[in-house]
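Chains as they are written, first to last, in our numbering: chain A, 1 to 298; chain B, 1001 to 1342.
Calculated from the structure, these hints are not laboratory results. Computed from a prediction, not measured in an experiment: that's the story for all the values here. Don't be surprised by glycine CBs; every beta carbon is placed ideally from N, CA and C. Do not take every clue at face value.
[What the hints assert, rightly or not] Partial selection, computed: residues in chain B whose CB lies under 8 Å from chain A: (1) A1089; (2) V1115; (3) A1118; (4) R1130; (5) S1134; (6) T1137; (7) L1141; (8) S1149; (9) V1317; (10) R1323; (11) F1336; (12) L1338.
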Amino acid sequence: MEYVAQQVMNALAFGAEYALIALGLAIVFSIMGLVNFAHGEVIAVGGYTMVAFAALALSNPFIVIGGAIAAAVLMSLTLERVAFRPVRYADPTTGLLTAFGVSIILQNVFLLVVSPRPVAVTSLYFLDWPVRLMGVQVSSLQVFEAVTTVLVIIGLMLFLKRTTLGLAMRAASLDFEMVRMVGVRSNRVFAMAFMVSGLLAGLACIFIMARRGSVDPHLGFNPVLKAFVACVVGGFGSLPGAVLGGFLLGAIEVAMLVLLPQEYGGMKDAFVFGIIALVLVWRPDGILSPRTEKGDKI
Amino acid sequence: MILNPSQKRGLVGAAILAAVLIAIGLIVTYFGSRYQLRLVYSAFVNLLVVLAMQVFMGNARLTNLSHSAFMGIGAYVAAICVTPVTVKAISLPDAPWGLNTFSLDPVSSAVLAIVITAVLALIIGLFVVRLTGSGVTIFSLAVLVIVHSVFLYRTDIFKGNQAFFGIPQVFSLTSIVVLSVIVVFLVRLFRESRWGIQLRACADDEVGAAAMGVNIRRLRLIAWVLSAVLLAVAGIAYAFFLGTISARPFYFNHVFLTLAMLILGGMRTVTGAVLGTLLISFGLECVRWLETGPVLLGVDLPEVLGLSGIALGVVIVLTMALRPGGIMGDYEIEDFLLKGQE
Chain A
1 MEYVAQQVMN ALAFGAEYAL IALGLAIVFS IMGLVNFAHG EVIAVGGYTM
51 VAFAALALSN PFIVIGGAIA AAVLMSLTLE RVAFRPVRYA DPTTGLLTAF
101 GVSIILQNVF LLVVSPRPVA VTSLYFLDWP VRLMGVQVSS LQVFEAVTTV
151 LVIIGLMLFL KRTTLGLAMR AASLDFEMVR MVGVRSNRVF AMAFMVSGLL
201 AGLACIFIMA RRGSVDPHLG FNPVLKAFVA CVVGGFGSLP GAVLGGFLLG
251 AIEVAMLVLL PQEYGGMKDA FVFGIIALVL VWRPDGILSP RTEKGDKI
Chain B
1001 MILNPSQKRG LVGAAILAAV LIAIGLIVTY FGSRYQLRLV YSAFVNLLVV
1051 LAMQVFMGNA RLTNLSHSAF MGIGAYVAAI CVTPVTVKAI SLPDAPWGLN
1101 TFSLDPVSSA VLAIVITAVL ALIIGLFVVR LTGSGVTIFS LAVLVIVHSV
1151 FLYRTDIFKG NQAFFGIPQV FSLTSIVVLS VIVVFLVRLF RESRWGIQLR
1201 ACADDEVGAA AMGVNIRRLR LIAWVLSAVL LAVAGIAYAF FLGTISARPF
1251 YFNHVFLTLA MLILGGMRTV TGAVLGTLLI SFGLECVRWL ETGPVLLGVD
1301 LPEVLGLSGI ALGVVIVLTM ALRPGGIMGD YEIEDFLLKG QE
């Protein structure tokens, strides 16, 4: 029983991490239709900021965490301004390929400027200690992760439903032309989307770094790959879909770890991606995608 | 068979491209060193890959990222079939299904590789054609990851990241030049064929094309399988010359490299595919030379690892920002020489 509870907690923690990243992807996609492959590098920027702080002998955890999140937000805003503004109204393929290009550039910049090898970051180890929760042994990190994701979802919901800018963003995801016509500044909407996306990447970065304890140029690549899959499965551009997809992916991944025999361990990713592909065959546009006909304006 | 005017123009264009490729082949054969010959050979392999990508991405305009996986499947099947039993006894001592107890001649190995890749592509393609836009991209990414983890995991068949060695050298530079000339004609004729035109119409206006009676899914499936077959050919050419293969060259780095080639030249045209491959293959060699920190005009440049990656990324980003259609856009090479559009 305890084993099952523990695995459920694992699945929730994995899922929470994927959901955080997937939300960051979905919010950008819903507004500008951009499949942001460079999201992983925004996460890595947060990680490298921690390295920089360690080098400056700043070990106050609040400074480290705040700095990493701020760096991720700044990076995300910079990317919007420099790389994605020229392709803002282009077709999705152009945006996707641009994001690919940005991702390659940043990975190689990390490789060139810092190091191709992993750099250890020890300042976040304090986040991880064993706790007993209702008789189940879990890591505090998993609890933090699940709680943060819940808070983020609530916060995002409040922001989107209760503020004017949130309303503008929701409207922009439906009909951007109309939003511009009623006098909302498009630059502000885009900047806000990327800011939220960067914030979520920063939060995800904290948890990834606390678990791994090191950063390398490909830090964000695999999590973002998984988060993409989560987005697509949930329904690309749908925020509830991103959360659902994230948790579903976490559950499948833990189930594969538990159920697959030891000697098939190396095939975990193949099975996970295979199951996801089958979900896509069942619902080609994702589980929670809105029902639209091709040719609809929205 | 009667060709319509645009198909005739297509033949002229393909002939011009073929002439360029043959010229490059001749120059390297007579003046190139062994090392340069190898470089040009791998550039031609990438050309085959990029042409194969053009068939699906250029006509259906859906981004496919699994091309390196299909190339890998073709390369591995051909390599496993053609390698002599004596070598396989050493390299694959515990291969299942008696894979190390037989060997075929190069032609049947190649045919088998193409057939197996085509069947796999057909099965995967049945799923791909149900998806749209970004769904195709992510699905193809999943295919890439799955195929790669199978390569890595079944070390008893594929040897994972270790080299699968002892493949006899069947191909020479001449064979690959001939092969690319054939593929250039094939790809160009596909673009101008009824299927190609209908596919491009779907990409421009899916609802409109469907309303005119175009069977979109069937056409995409045809292009997908044809693309995979050509990718298998590229993989076979790769394995038949280099003598050793491993899983690494069929993963993300190669995906990015060939994608950059296709994008720079312009994925909509065959001329673009050829031009992009030539430019990036040549440009990347120069960047790699800079990367090692050479002495230039008396200045000792530092070693900069990762420069080639940055250069590739910059090429992609700049092309997308300045000329989303690539250098060639919608122009084929003969449009500069012959009068009148299509």
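Against the structure, the hints come out as follows:
1. Using the Cβ-Cβ criterion of 8 Å, the hint placing A1089/B at the interface with chain A is not satisfied: the shortest such distance is roughly 24 Å.
2. Hint status for V1115/B: violated, given a least beta-carbon distance of 23 Å to chain A, over 8 Å.
3. With a cut of 8 Å, the hint placing A1118/B at the interface with chain A is violated, because the nearest CB-to-CB distance is about 20 Å.
4. About 5 Å separates the beta-carbon of R1130/B from the nearest beta-carbon of chain A, less than 8 Å, and the hint is met.
5. At about 5 Å, the closest approach between the beta carbon of S1134/B and any beta carbon in chain A falls short of 8 Å, and the interface hint on this residue holds.
6. Evaluation of the T1137/B hint against chain A yields a held restraint, the C-beta minimum of about 6 Å falling below 8 Å.
7. Interface hint at L1141/B: satisfied, since its Cβ lies 7 Å from the closest Cβ of chain A, which is below the 8 Å cut-off.
8. Interface hint at S1149/B: satisfied, since its Cβ lies 4 Å from the closest Cβ of chain A, which is below the 8 Å cut-off.
9. Hint status for V1317/B relative to chain A: holds, with the closest Cβ pair at about 4 Å, below 8 Å.
10. Of the supplied interface hints, the one on R1323/B is violated, with its beta-carbon coming no nearer than about 10 Å to a beta-carbon of chain A, more than 8 Å.
11. With a least beta-carbon distance of about 25 Å to chain A, the hint placing F1336/B at the interface is violated under the 8 Å criterion.
12. At a threshold of 8 Å, the smallest CB-CB gap from L1338/B to chain A is about 30 Å, leaving the interface hint violated.
Violated hints, listed in ascending order, are 1, 2, 3, 10, 11, 12; each of the other numbered hints is respected by the structure.
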